[in-house]
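Turn these sequences into a full structure, and let the hints guide you.
Okay, here's what each chain looks like letter by letter:
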Amino acid sequence: MSAGQTVSLPLGARTPSAPASLGHRILQQGRYEALTMLRNGEQLILAIVLPLMALIALAVLPLLDGLSSSRVNIATPGVLALCAMSTAFTGQGIATGFDRRYGVLRFLSTTPLGKGGLIAGKVLAVLAVLAVQVAVVSVVAALLGWRPSATGVLLAVPLLILGAVAFTSLGLLVAGTVRPEATLAITNLLWILLGALGGIVLPPDRLPVVVQDVVHFLPSGALGQAMRDALVGGQLNVFAVVILLGWSILASAAATRWFKWS
Amino acid sequence: MPTSPTPALAIDGLIKDVGPLADHDGRMKRIVAGISMNAHRGQVTALLGANGAGKTTTLECAQGLQKRDGGTISLLGEDPDRATAALRARVGVMLQDGGLPPAARPVALLRHVAGMYRNPRSVDDLVERLGISAFASTSIRRLSGGQRQRVALAASLVGNPEVLFLDEPSAGLDPQSRRTVFDLIRELRDAGLAIVLTTHLLDDAQKLADYVYIVDAGRTVASGTVPELLRQATTAEAQRTLVFEAIPRLRPGVALRAEITVEETRPGSYAVTGPLTPADLAALAGWWSAQGIMPTSVHLASRSLEDVFLALSGSEQP
Numbered sequence: 001m002s003a004g005q006t007v008s009l010p011l012g013a014r015t016p017s018a019p020a021s022l023g024h025r026i027l028q029q030g031r032y033e034a035l036t037m038l039r040n041g042e043q044l045i046l047a048i049v050l051p052l053m054a055l056i057a058l059a060v061l062p063l064l065d066g067l068s069s070s071r072v073n074i075a076t077p078g079v080l081a082l083c084a085m086s087t088a089f090t091g092q093g094i095a096t097g098f099d100r101r102y103g104v105l106r107f108l109s110t111t112p113l114g115k116g117g118l119i120a121g122k123v124l125a126v127l128a129v130l131a132v133q134v135a136v137v138s139v140v141a142a143l144l145g146w147r148p149s150a151t152g153v154l155l156a157v158p159l160l161i162l163g164a165v166a167f168t169s170l171g172l173l174v175a176g177t178v179r180p181e182a183t184l185a186i187t188n189l190l191w192i193l194l195g196a197l198g199g200i201v202l203p204p205d206r207l208p209v210v211v212q213d214v215v216h217f218l219p220s221g222a223l224g225q226a227m228r229d230a231l232v233g234g235q236l237n238v239f240a241v242v243i244l245l246g247w248s249i250l251a252s253a254a255a256t257r258w259f260k261w262s
Numbered sequence: 001m002p003t004s005p006t007p008a009l010a011i012d013g014l015i016k017d018v019g020p021l022a023d024h025d026g027r028m029k030r031i032v033a034g035i036s037m038n039a040h041r042g043q044v045t046a047l048l049g050a051n052g053a054g055k056t057t058t059l060e061c062a063q064g065l066q067k068r069d070g071g072t073i074s075l076l077g078e079d080p081d082r083a084t085a086a087l088r089a090r091v092g093v094m095l096q097d098g099g100l101p102p103a104a105r106p107v108a109l110l111r112h113v114a115g116m117y118r119n120p121r122s123v124d125d126l127v128e129r130l131g132i133s134a135f136a137s138t139s140i141r142r143l144s145g146g147q148r149q150r151v152a153l154a155a156s157l158v159g160n161p162e163v164l165f166l167d168e169p170s171a172g173l174d175p176q177s178r179r180t181v182f183d184l185i186r187e188l189r190d191a192g193l194a195i196v197l198t199t200h201l202l203d204d205a206q207k208l209a210d211y212v213y214i215v216d217a218g219r220t221v222a223s224g225t226v227p228e229l230l231r232q233a234t235t236a237e238a239q240r241t242l243v244f245e246a247i248p249r250l251r252p253g254v255a256l257r258a259e260i261t262v263e264e265t266r267p268g269s270y271a272v273t274g275p276l277t278p279a280d281l282a283a284l285a286g287w288w289s290a291q292g293i294m295p296t297s298v299h300l301a302s303r304s305l306e307d308v309f310l311a312l313s314g315s316e317q318p
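Protein chains in written order, with my numbering: chain A, 1 to 262; chain B, 1 to 318.
None of these hints come from the bench; they were simulated from the model. Any given hint might turn out to be false.
Per the computed footprint, the stretches of chain B lying under chain A, defined by three or more beta-carbons under 8 Å from a beta-carbon of chain A, are [unchecked claim]:
id	region
1	107–121
2	290–296
Here are some, though not all, of the chain B residues that point toward chain A, as calculated from beta-carbon distances under 7 Å [unchecked claim]:
id	residue
3	Gln63
4	Ala85
5	Ala86
6	Ala89
7	Arg90
8	Val93
9	Leu95
10	Asp97
11	Pro101
12	Ile247
13	Ala255
14	Arg257
Here are the simulated lysine-lysine pairs, DSSO-like style, with alpha carbons at most 30 Å apart [to be verified]:
id	chain 1	residue 1	chain 2	residue 2
15	A	Lys115	A	Lys260
16	B	Lys67	A	Lys115
17	A	Lys115	B	Lys29
18	B	Lys29	B	Lys67
19	A	Lys260	B	Lys207
20	B	Lys29	A	Lys260
The beta carbon of each residue, even a glycine, is placed where N, CA and C say it ideally should be.
This is how it looks when you write it as C-alpha cells:
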C-alpha cells in the first residue's frame with residue numbers, strides 16, 4: 001500500500017443498498033460452500049475416496065454373498081447411503097463447527113443471507129456434493145457390473161435426499177453445540193462406527209447379533225436398508241422412511257433450540 | 001447527545017445478561033446495565049472503554065447477533081431482533097474477530113459476499129483502495145492481523161451500507177494501514193454513513209470520533225464531542241502537570257497546597273503536579289516574583305482524552 005494513493009470509491013452517488021433475491025443468495029452460498037468442500041483434500045477423501053474403497057472391497061470380498069444376484073448390486077446402494085453420511089454429517093458438521101469458531105456464521109448472518117439462508121445454503125451444498133459423489137460411485141459401480149432398475153433409481157433419489165436432510169440436521173446439531181475439536185472427533189468416530197456397525201453398507205444380518213435389532217432405528221441402518229430395498233428389490237421401505245423422517249424432525253428441532261452461533 | 005434528525009441508530013436503556021456463569025457463583029451476570037446512545041448519519045460515533053466494558057455486546061445487540069434482555073434498539077427505524085434481508089443489506093458489520101473463513105482467499109471471498117447484494121460496490125475498487133491486491137490470492141489464515149482487518153473492512157463495505165459497525169477497527173494495523181483505514185472511515189463519514197465503532201484506544205477516538213460514549217462496567221459514564229469531554233474533565237478534579245524551566249536548585253519559597261508537589265526532574269527543570277487551579281498558578285507566579293525568577297519556559301501539559309477516560313472510568317484501566 002503506498003502512502004499517497006488516490007484511488008477513489010464512488011462514495012457520493014449512492015444507489016440504495018438492497019439484498020439480492022432470496023433464491024440468488026441461497027444459490028450463491030450453496031455454490032460457495034460446495035466448491036469449498038470439493039477443494040478440501042480431507043473432505044474429498046471422506047466424500048469420494050473412502051466410499052469408493054468400500055465399494056471395491058465389497059465387490060471383491062465375499063462379505064455380502066447370497067443376498068443378491070451380484071456383490072456390486074447389494075453393495076452399491078449402501079455405499080451411496082455412506083456418501084450421504086460422509087458429506088451431510090461428518091464433512092458438513094466439521095466445516096460448520098470451525099466456521100462457528102472463526103465467527104464466519106456470525107458474519108454471514110449479518111449479511112442479507114441471514115441465518116435461514118445460511119442453513120439453506122448448507123443443505124444445498126450438501127446436495128450438490130452428494131450429486132458429484134453419486135455420479136462418481138455410480139460410474140465405478142457400473143464398470144463393476146451394477147445395473148439398477150429404473151424403478152429403483154426413481155425411489156432411491158428422494159430417499160437419498162431424505163437421508164441427507166436427516167444427517168445434515170444431526171451434523172448441525174453437533175456442530176452448533178460442542179467445540180469444533182469435539183465435533184471433529186464425534187462426527188469422525190460416528191462415521192466409522194455407523195459405517196462398520198450401523199447397518200449402512202453391511203445389512204443387519206451380516207452384523208453381530210447384539211446390534212441387529214438396533215440398527216433399524218438408526219438413521220444409518222434406515223437409510224442403508226431403504227436404499228437396498230429400493231435398488232435391489234424395487235420396494236419402498238415405509239418403516240425406514242418413517243425412521244428417517246423422525247430423525248430429521250428431532251434433530252432439526254434440537255438444532256433450532258440449542259444451536260449456538262458463537 | 002445531539003438532538004438533530006432521527007438517528008440512524010438509537011439505543012435506549014439496553015440491558016444484557018449472560019450466564020449462568022461458573023465464575024459468578026453460577027448466577028447470571030449483567031454485562032450491559034442500561035446503555036443509551038444515538039448514532040447519526042454523517043458522523044463517527046465511538047464507544048470507548050476498556051476490554052470487558054460491554055462495547056462489543058452493545059454492538060452485537062444492535063446488529064441482531066445477540067438478543068437483548070431489556071431496553072429498546074431502533075436501527076434505521078427497525079428492531080434488529082426482527083431484521084429482514086432488506087435491513088441487513090443497509091447495514092455493514094466488521095466483527096472483532098473478522099469472521100472470515102481461514103481457507104478462503106480475499107478477493108474470491110469478497111466476490112462471494114458481494115453476491116448477497118443487488119447493488120454491491122465494485123470489489124476491484126475496494127481491493128485497490130485498501131491495498132488488498134498485494135495478497136489477493138493468499139488464504140486468510142496466512143495473512144497478518146492487519147491484512148485480515150482490511151479484508152474484513154472491505155467485506156463490511158461491499159454491500160454499500162448506510163450504517164457501518166466497526167468493532168475495534170484499528171486492531172493489528174501497522175501505522176500506514178491505520179492511516180489508510182482512518183482516511184477511508186472519514187471519507188465514508190463525509191459521504192453520509194452513520195459509523196459506529198468501538199475502541200479501547202483513546203487515540204482512535206480522538207482522531208476519528210465526532211461523538212464519544214465512554215463505557216465502563218456496562219454503563220455509559222460520559223458522552224460528548226471530544227472537546228466537550230475535554231472541557232468536562234477540566235472542571236473535574238484531575239491531575240495536571242506544569243513544567244517550567246529556570247535556574248537550578250530553586251528553594252521552595254512559597255506555600256503551595258499540600259496535594260501539589262514540585263520536583264526538579266533535571267537541573268533547572270521543574271514539574272509541578274497536582275489538581276492545579278488558577279489560584280495555584282497565581283501562587284506559583286508569586287513564588288517566582290518574590291524570588292526574582294523569570295522562567296525561560298512554562299508549559300502546561302494539555303489534557304488528553306486519556307485523562308478524561310481515567311478520571312471518569314474508575315474501575316478498570318485500559
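A quick look at each hint next to the structure:
no.	hint	verdict
1	107–121	holds (count 8)
2	290–296	violated (count 0)
3	Gln63	holds (5 Å)
4	Ala85	holds (4 Å)
5	Ala86	holds (6 Å)
6	Ala89	holds (4 Å)
7	Arg90	holds (5 Å)
8	Val93	holds (4 Å)
9	Leu95	holds (5 Å)
10	Asp97	holds (5 Å)
11	Pro101	holds (5 Å)
12	Ile247	violated (46 Å)
13	Ala255	violated (54 Å)
14	Arg257	violated (49 Å)
15	A/Lys115 with A/Lys260	holds (11 Å)
16	B/Lys67 with A/Lys115	holds (14 Å)
17	A/Lys115 with B/Lys29	holds (27 Å)
18	B/Lys29 with B/Lys67	holds (15 Å)
19	A/Lys260 with B/Lys207	violated (37 Å)
20	B/Lys29 with A/Lys260	holds (19 Å)
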